[in-house]
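Residues per chain are reported as follows:
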Amino acid sequence: METSGILEVRGLCKQYPDFQLADVSFTLPRGYIMGLIGPNGAGKTTTLKLILGALRRDAGSIRAFGLDPVEAGVEVRSRIGFVHDEPRFYRSLTLTQNAALVARLYPSWNDDTFRRLSTAFELSLDKRFGQLSHGNKTKFALALALSHRAELVVLDEPTSGLDPVFRRDLLDTLTELLQDERTSILFSTHITSDLERIADYITLIQNGRIVFSEAKDRILENWALVKGGLDQLESLPPHYFRGLHRGAHGFEALTDDAREARRRLGDSVVIEGATLDDVVLYTTGSGSNV
Amino acid sequence: MFSLVWKDVAAAGRLLWIVLAVGAAQLAGMAFLPSTYVLGVLIFSALLAFGSLAIEEYQRTELLWISVPVSRAQIVTARYLTTILGAVVGLAIGWAIANWVARLAPAAAEGPAALLSLEAHVVLLAVLTLAAAVHLPLHFRLGAGRGLMSFVAISLAGLIVVSLATRLILSAKGLPSPTTDPAAWRELAVGWIQWAEPRLALLLTLLVAFSAAMLAISLVLSTRAYETRDI
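For the protein sequence lines, the chains are A and B, in the order given.
Numbering that gives the first Met the number 0 applies: residue 0 is where the first sequence begins, and numbers increase by one.
Numbering that gives the first Met the number 0 applies: residue 0 is where the second sequence begins, and numbers increase by one.
With the rest of the complex left out, here is chain A (with noise of 0.2 Å):
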């Protein structure tokens, strides 16, 4: 991963009553897409309002091209567009209205984009925004954010509440930006299977610490399942696997060193290729009883 990119995120950490967030560091590079993933509360909105900042640090820096977004929150909100998890405008205004009022706050607005965006998304603007399904309202917000020649897009679990045919035609939206190779995608979500399809980066995330964050190409080739008879695993050392399930007649486990696990094992033991579902379920626990 470069050493320096769009966004650099170092020691972050933030102190609630009942959650911390802690020692958060990524790197993302411009021009490419990184996807944010872990189970409900271990700390993916926490983060991206930090980087926002809507949210106040404890410790740790955020650089979004090279600025603080406490220090310089305008200039650095102006080149991200931001979609939340769930799209909070006014109700009671049609959608042309709700556009004219964020369009006046972005110097490089572009209505040109937008009512092509909203075009391609069937967004109806004479609607008011209370009147839209939860898939339109997110539609609008991200025609909004990608509106103002954003650079980096900050997308929280946009996809959501989406039916597939909009997950996918979002997803082929958001391959798009990134033909400028100038737009960097920040994208979290529990949905791994999108970021199977367009994310170079995966950053894993687990009670508000980092599990992983390395080049999604790297993940699936060195991640891998190995299944096994339960005698086989009684010859390895404990914590062997990053996440181990137990059956009655045998085991499946995560590795994250495939090659070392086939050099180790051999034919004894099947191993295949993990998906990002898998790496999620075995390393935040949720598919682990070890």
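Simulated from the structure, these hints should not be mistaken for lab results.
One should not assume that every hint holds.
To be verified - Which stretches of chain A does chain B cover? Using the computed rule of at least three CB atoms under 8 Å from a CB of chain B, they are:
#1 44-57
#2 76-83
#3 91-105
Unchecked claim - Label pairs and their computed distance ranges (CB to CB):
#4 A/245 with B/53: 30 to 40 Å
#5 B/205 with A/40: 48 to 58 Å
#6 B/70 with A/168: 27 to 37 Å
#7 A/192 with B/18: 25 to 35 Å
#8 A/24 with B/18: 47 to 57 Å
#9 B/53 with A/114: 26 to 36 Å
#10 B/151 with A/159: 30 to 40 Å
#11 B/0 with A/24: 34 to 44 Å
#12 A/159 with B/209: 27 to 37 Å
#13 B/165 with A/12: 49 to 59 Å
#14 A/12 with B/215: 48 to 58 Å
#15 A/107 with B/103: 52 to 62 Å
The beta carbon of each residue, even a glycine, is placed where N, CA and C say it ideally should be.
Knowing the structure of chain A, use the given hints to seat chain B on it.
Okay, now just chain B, sitting in the frame of chain A:
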């Protein structure tokens, strides 16, 4: 800045027109009853002044405005402008309606004549400004719900303290109380009014300057509170 003020006005949408129409009709009906009119125009103006806060909270759009390229200081300043604008517009409408009704029915205008004066409305504006100066820092520090609760608690406590302090001072100085000796109290009040009348311009200027100073201090406190608050 004015884009942020405009979004508050635009957000009110149809509700604003309903409040304006119903409020204006009610004020027209109250224009001949001094105490009712004062209460009515205060509520009407407060609705216009603080209504956008309620709309923002109800629609939970705060995070949207935090995500756009404006500073928190701009958001706070715009909110103060909207509040004062709402109060001024509410009182101006009230004053215009009261005058209009008084002209339509001049015989009935004797009672509330003093209330229809511009000076009386300036006093009401100062009251609303002081209310905003107390309420808005609480709103920006604690959020809409807890901010409003704290404001109501502080206002009630303030009224009780002022009422008790007035009674104690009157009693200590051997002056009549409005409840125990209304006639003597009325005489005393008339005396005060006679003292104040020639100095009205000066007293009004002092009141407006005090309100403006309190609002300026309040703006600084609100900005500091909002800049460090997690949204």
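Consistency of the hints with the structure:
no. : hint                         : verdict
1   : 44-57                        : holds (count 6)
2   : 76-83                        : holds (count 5)
3   : 91-105                       : holds (count 8)
4   : A/245 with B/53: 30 to 40 Å  : 56 Å, violated
5   : B/205 with A/40: 48 to 58 Å  : 55 Å, holds
6   : B/70 with A/168: 27 to 37 Å  : 35 Å, holds
7   : A/192 with B/18: 25 to 35 Å  : 49 Å, violated
8   : A/24 with B/18: 47 to 57 Å   : 51 Å, holds
9   : B/53 with A/114: 26 to 36 Å  : 33 Å, holds
10  : B/151 with A/159: 30 to 40 Å : 38 Å, holds
11  : B/0 with A/24: 34 to 44 Å    : 37 Å, holds
12  : A/159 with B/209: 27 to 37 Å : 52 Å, violated
13  : B/165 with A/12: 49 to 59 Å  : 52 Å, holds
14  : A/12 with B/215: 48 to 58 Å  : 36 Å, violated
15  : A/107 with B/103: 52 to 62 Å : 54 Å, holds
Hint check: violations occur at hints 4, 7, 12 and 14; the rest are consistent with the structure.
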